[in-house]
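Got chain A; can you put chain B on it based on the hints?
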Amino acid sequence: MQQTNPASTSKDFLLSVEGLTVSFDGFKAVNDLSFYVDENEIRVIIGPNGAGKTTVLDLICGRTKATAGSIRFRDKELTRMREHEIVHAGVGRKFQNPSIYEDLTVFENLELSFPRGRGVFGALAFKRDAEVVSRVEEIAEMIFLKNQLKTEAAILSHGQKQWLEIGMLLIQSPELLMLDEPVAGMSVSERVKTAELLHRIIQDHSVIVIEHDMKFVQDIAHRVTVMHQGKVLSEGSMDHVQHDPKVIEVYLGH
Amino acid sequence: MNTTLYTRREWIALAIVAALILIVFPVTMDVFRLNLVGKYLTYAFVAVGLVLCWGHGGILSLGQGIFFGLGGYCMAMFLKLEASSPENTAIQSTPGIPDFMDWNQVTELPFWWVPFKSFPFAAAAVILVPVVFAYVIGAAMFKRRVGGVYFAIITQAIAAILTILIIGQQGYTGGVNGITDLRTLLGWDIRTDSAKFILYFVNAVLLIAVLVLGQMVRMSKFGRLLIAMRDKEDRVRFSGYSVADFKIFIFCLAAAFSAIGGAMFTLQVGFMSPSFVGIVPSIEMVIFAAVGGRLSLFGAVYGALIVNWAKTSFSETFPELWLFAMGGLFIAVVMAFPNGLAGLYRSHVEPFLAKLTRKSPPSPAPDTAPVEAVKLAAE
Numbered sequence: 236m237q238q239t240n241p242a243s244t245s246k247d248f249l250l251s252v253e254g255l256t257v258s259f260d261g262f263k264a265v266n267d268l269s270f271y272v273d274e275n276e277i278r279v280i281i282g283p284n285g286a287g288k289t290t291v292l293d294l295i296c297g298r299t300k301a302t303a304g305s306i307r308f309r310d311k312e313l314t315r316m317r318e319h320e321i322v323h324a325g326v327g328r329k330f331q332n333p334s335i336y337e338d339l340t341v342f343e344n345l346e347l348s349f350p351r352g353r354g355v356f357g358a359l360a361f362k363r364d365a366e367v368v369s370r371v372e373e374i375a376e377m378i379f380l381k382n383q384l385k386t387e388a389a390i391l392s393h394g395q396k397q398w399l400e401i402g403m404l405l406i407q408s409p410e411l412l413m414l415d416e417p418v419a420g421m422s423v424s425e426r427v428k429t430a431e432l433l434h435r436i437i438q439d440h441s442v443i444v445i446e447h448d449m450k451f452v453q454d455i456a457h458r459v460t461v462m463h464q465g466k467v468l469s470e471g472s473m474d475h476v477q478h479d480p481k482v483i484e485v486y487l488g489h
Numbered sequence: 008m009n010t011t012l013y014t015r016r017e018w019i020a021l022a023i024v025a026a027l028i029l030i031v032f033p034v035t036m037d038v039f040r041l042n043l044v045g046k047y048l049t050y051a052f053v054a055v056g057l058v059l060c061w062g063h064g065g066i067l068s069l070g071q072g073i074f075f076g077l078g079g080y081c082m083a084m085f086l087k088l089e090a091s092s093p094e095n096t097a098i099q100s101t102p103g104i105p106d107f108m109d110w111n112q113v114t115e116l117p118f119w120w121v122p123f124k125s126f127p128f129a130a131a132a133v134i135l136v137p138v139v140f141a142y143v144i145g146a147a148m149f150k151r152r153v154g155g156v157y158f159a160i161i162t163q164a165i166a167a168i169l170t171i172l173i174i175g176q177q178g179y180t181g182g183v184n185g186i187t188d189l190r191t192l193l194g195w196d197i198r199t200d201s202a203k204f205i206l207y208f209v210n211a212v213l214l215i216a217v218l219v220l221g222q223m224v225r226m227s228k229f230g231r232l233l234i235a236m237r238d239k240e241d242r243v244r245f246s247g248y249s250v251a252d253f254k255i256f257i258f259c260l261a262a263a264f265s266a267i268g269g270a271m272f273t274l275q276v277g278f279m280s281p282s283f284v285g286i287v288p289s290i291e292m293v294i295f296a297a298v299g300g301r302l303s304l305f306g307a308v309y310g311a312l313i314v315n316w317a318k319t320s321f322s323e324t325f326p327e328l329w330l331f332a333m334g335g336l337f338i339a340v341v342m343a344f345p346n347g348l349a350g351l352y353r354s355h356v357e358p359f360l361a362k363l364t365r366k367s368p369p370s371p372a373p374d375t376a377p378v379e380a381v382k383l384a385a386e
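Chains as they are written, first to last, in the numbering used here: chain A, 236 to 489; chain B, 8 to 386.
Don't take every hint at face value.
[Unchecked claim] To give an idea of the interface, some chain A residues facing chain B are shown, with a C-beta separation under 8 angstroms as derived from the structure: (1) F259; (2) R315; (3) H319; (4) H323; (5) I335; (6) Y336; (7) D338; (8) L339; (9) S348; (10) R353; (11) V355; (12) A358; (13) A365.
Don't read these hints as lab results, they were simulated from the structure. Positions of the beta carbon are idealized from the N, C-alpha and C atoms, including for glycine.
The following block holds chain A by itself, in its conformation from the complex:
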């Protein structure tokens, strides 16, 4: 194992992933993986296709159940919790393809993600009060959709859909956001705005990002974790991993 933080298990990390393994019919998509995320950190996970990046996010948010290992968030063990409980604990997840409610307006999309009235009867009794409206407007401004609140989400551009989904996470006020390829399919100017948005987000959130766009990674990452065949290949600053011979081997060697 190539760990850069071997002896720091007891330190107060926001997220500690240790010995995480998931096996699909014998194939270990993630194999004895460990890494740690600090508060207010932007961690980027990179790696070739099939390295297990998305599976790691699936494991953290409860979509996939781990075969072995532990995921500790604050003092909660996420591997034993159900998806919505993990959300309540403060973990938000954005999917690779924009996953929004196309038949509803931008306002309604954000409103449904507002963390109140999450039970059956809470949802029936939910009132759209001033607090909800002001919070939705605040988030909409952050994600550059202030003027589209009444727009049906289906007709937004691809980039705007990505932002809307990020906004739907932000309104939940999670401590940890996980974004799967947030700039995929975006124009250059949209990428710049997204980087700007992420810089604003980390002022009070930690973020894990999966991304292929190296220029974007360089722009935002505090630390980079390189995955290969379900394991951590290298970890450190962008500069460090870029010059790591093992990384160069994996990316260029074949």
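Structure of chain B alone, referenced to chain A:
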């Protein structure tokens, strides 16, 4: 968000439905026809439940007859016990039990029939038995994430099983004939014209209450969550909602609506039989909702009325062709106008009406368009 316009339009639609079933029908029809319409309207309860559960929530149940039947049977059991007083059944070998039990050599009232001697118990059971049953089905299916076509097939299988069970246990359920010869409700003869007239109004008022309740659910955040679940179930789950709980709730609510319809059917028609429980009636109920428009609560009422009216008139002339006509109708609706009558109304009649009523240049404010129109556009 401008929801006032949306609300106002919906209330006008409700007022029209109310005027139709509370005033127009009673004024223009004789008691026989009115009773027939009352019977059709009991199916509207099921269709309204399906609009919420299927149209909005995306949960297609092909077994709503289960709940219609259970509600109907709970009511029929009470009425049958009242009709089977020892004096009325003196000629039986065991007086005081329902006639079909006597014919099947049952000599004692089964223990689970006994509580149905009490009207409050029976009235509560009309709702609770189907809801508990729906909860069990829903919890078993939705917690395991069974959905879509698998769920539809399972509900259909349960409807078939329940029918077989009712027919097979003739001595306890009345078998294929069902529970017949119902006479009085707490001493009030339900077979008279005046009783039929009153029951029609009870039924109509209950239906309006169910429509209002359904509308309130639809307008709440719960209603928007249903649509969200239908389109992006995972996103709802990862926004912190327990999707299974929401599905179970709406399925139970649809079951409760169906059960009220079933109980009112028994009261108005005077019997309940397995032919209202099984696969064919359950699919017919889905067709009522589809024809009316699966996203429109009020459309469900019109759908139930029109399809049943067509069924009655058509099957009088060509009895053997009706099932084919029904199948054809369903295919036509799904292929040609998937949003049913309500969809046709919105896309054709409404713009025409708007043109008539609006003298000033029309100001098409798309941002105030109801969610419904938005959905239509998206499909």
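Cross-check of the supplied hints:
1. F259: Check failed: Cβ of F259 of chain A comes no nearer than 18 angstroms to chain B, outside 8 angstroms.
2. R315: violated (16 angstroms)
3. H319: It holds, given that the least Cβ distance between H319 of chain A and chain B is near 5 angstroms, below 8 angstroms.
4. H323: holds (6 angstroms)
5. I335: With a closest approach of 7 angstroms, the I335 of chain A hint holds.
6. Y336: Result: holds, 4 angstroms to nearest chain B Cβ.
7. D338: Since chain B brings a Cβ to about 5 angstroms from D338 of chain A, closer than 8 angstroms, the hint holds.
8. L339: Hint on L339 of chain A: holds, closest Cβ of chain B at ~6 angstroms, below 8 angstroms.
9. S348: With a closest approach of 5 angstroms, the S348 of chain A hint holds.
10. R353: Hint holds; R353 of chain A Cβ to chain B Cβ min 5 angstroms, cut 8 angstroms.
11. V355: holds (5 angstroms)
12. A358: holds (4 angstroms)
13. A365: Hint on A365 of chain A: violated, closest Cβ of chain B at ~13 angstroms, above 8 angstroms.
In summary, the structure is inconsistent with hints 1, 2 and 13 from the numbered list given earlier, while agreeing with the others.
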